[in-house]
Every structure is written in C-alpha cells, then in structure tokens.
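Chemist: Sequence:
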Amino acid sequence: MAHAGFMAIGAYATALLTTKAGANFFAAAVVGMGLAALVAALLAVPTLKVTGDHYIIASFGFQVIIISVLLNWPALTNGPFGISGIPRPSLFGFAFASYPRLLVLAVALAGLAGWVAWRIAVSPFGAVLRAIREDEGAARSLGKDVTRFKVQVFVVGCALAALGGALYAGVTSFIDPPSFDIHESIFILAIVIIGGKGNVLGSMLGALVLIVLPELLKFLAVPSSIADPLRRVLYGVLLMAFMRFLPAGLLRERPAR
Numbered sequence: 001m002a003h004a005g006f007m008a009i010g011a012y013a014t015a016l017l018t019t020k021a022g023a024n025f026f027a028a029a030v031v032g033m034g035l036a037a038l039v040a041a042l043l044a045v046p047t048l049k050v051t052g053d054h055y056i057i058a059s060f061g062f063q064v065i066i067i068s069v070l071l072n073w074p075a076l077t078n079g080p081f082g083i084s085g086i087p088r089p090s091l092f093g094f095a096f097a098s099y100p101r102l103l104v105l106a107v108a109l110a111g112l113a114g115w116v117a118w119r120i121a122v123s124p125f126g127a128v129l130r131a132i133r134e135d136e137g138a139a140r141s142l143g144k145d146v147t148r149f150k151v152q153v154f155v156v157g158c159a160l161a162a163l164g165g166a167l168y169a170g171v172t173s174f175i176d177p178p179s180f181d182i183h184e185s186i187f188i189l190a191i192v193i194i195g196g197k198g199n200v201l202g203s204m205l206g207a208l209v210l211i212v213l214p215e216l217l218k219f220l221a222v223p224s225s226i227a228d229p230l231r232r233v234l235y236g237v238l239l240m241a242f243m244r245f246l247p248a249g250l251l252r253e254r255p256a257r
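Just so we're aligned, residue 1 is where the sequence shown starts under the working numbering, counting upward by one.
Worth flagging that the hints you see were computed from the coordinates, not collected in a lab. Among the hints, erroneous ones may be present.
[To be verified] Simulated pairs of lysine-lysine, DSSO-like, Cα-Cα distance not exceeding 27 Å:
(1) K197 with K49
(2) K49 with K150
(3) K49 with K144
(4) K197 with K150
(5) K144 with K197
Since this is a predicted model, take the numbers as computed values, not measurements.
I would like the entire structure built from these sequences, with the hints used as guidance.
Modeler: Right, here's the structure in full:
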C-alpha cells in the first residue's frame, strides 16, 4: 500500500547521488533499489505479522514517516523545496536527453520490471505465493515458510518501485515530497485494481488507462486549477466502480498451469 514511499527512496537516492556525488544515473538507481530493498526487509518483519485493515494502516503509517523525513531533513533533502537539476540518464556516453529517448528508456525499464514480475508469477515461487494468498494456513501445513516468502516478494516489489522512482527523477529532473504522497499510493493501487490483480499485462494496461484518460481533459480546455483535482476524483470514481462492478479488472488473472 505504501509503494509511493519506496518510490521516494529510489528517487531521492538517485537524485542525491547524481547531483551531489556525480554518480551515473543507472549506478545511482541500483543503489536506490538496494536501499529500498533493505528498508523493505527491515519493515517486513514487524508489519507482515499484521493482517487486514491493521496492515493497511501500518503501511500508510510508514509512508507518513517517509514524507515527514523528506520534509524535515532539509540538510539532505532540501525539505519542501525538493531537489532540482537532476541530470538526465546516460549510458556509455549515450544521453537520454530528448523525450523520445526517455520514452524508449521508460518502455525498456517497464518491460524489464514486467519480465521480472512475470518470471516470478510462472515460477514455483509464484505458485507458493498463490497458495499463500488462497489459504495461508494450508500453505503452512505443507511446510512452506510463509513469512520468508512474504518478505522476499515484498522486498522485490519495493525494489522495483524504487526503480520507478529513480526513473521519475531522471525524467522530470525535479522531485519533492508531495510527488510521493498518499495520493500516489492510491494511484498505484488503482492501477492494479483496474488493470487486474495477479496479471502483469493487466497492470500495464491499467497504468495506460489511468494516464491517458486524464490527458483527455486537455482537449476539453479544463483549467489546470480544476484539472488536477478532477483527475484525482476520476481515479477515485474508477477505483470504486471497478471494485463494485468489475473486481477482476480489465484482464483477469490467468489460471496457473
């Protein structure tokens, strides 16, 4: 639920390493992913013992902590003013300086993340995760270390979220705490629910839908002061509508073979 918080870890790690230490974007992104994975592992042990509504509240609490640290540690994060001048990604002298090049990079990294998620889903590891989701007690009775599996998949998911945050920092060249607030976590949740839980392609489709639909507001000549709140209202309406009328999302989860 607090994946925007882990995006913030990846984004700020990348921003600080590239602007303060002159690190390459990709090296900084890997460090950000590692830091997010470490934080996720430390967070997973106490929070995974909490279930249901209590887990949701605990995860939101973690995100509040992240945002509070970003806002109140100006010596490191520049506080509410954020970090600007983040250099665009480059690899072996090839700079992703233009938007078409950034689009290619974004698609490539999204494809990599999707491939990792797909490999996990079709692996024996993924089969155990599905068993835990359906009946945790039965999985335990079969000798599966449920806690270990939960921690591992949580760490991987948070590391991928950090990769998304790093890419966001490299594309926009500016980040600030509100970029990773609770609304962004709800946006990510909406992507999964609308696209289809348990379906990698569904999540990509959900992201496409939620990004393209608000852009249509531009063709209606809606003022920017109204467009942003209206965009969030649209996310909420779609989220409630799909949960009520199409809970499986646009693409249903494929049966395991």
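Chemist: A separate judgement is required for each hint: does it hold in the structure or not?
Modeler: Checked hints:
Between K197 and K49 the alpha-carbon distance is near 23 Å, which keeps this suggested pair within the 27 Å criterion. As the CA atoms of K49 and K150 are separated by approximately 10 Å, the hinted pair is consistent with the 27 Å bound. Proximity of K49 to K144 is assessed by CA-CA distance (about 16 Å); at most 27 Å being required, the pair is judged to hold. Among the hinted pairs, K197 with K150 is consistent with the structure: their alpha-carbon atoms are about 17 Å apart, no more than 27 Å.
The hinted pair formed by K144 and K197 meets the criterion: a straight-line CA distance of about 23 Å does not exceed 27 Å.
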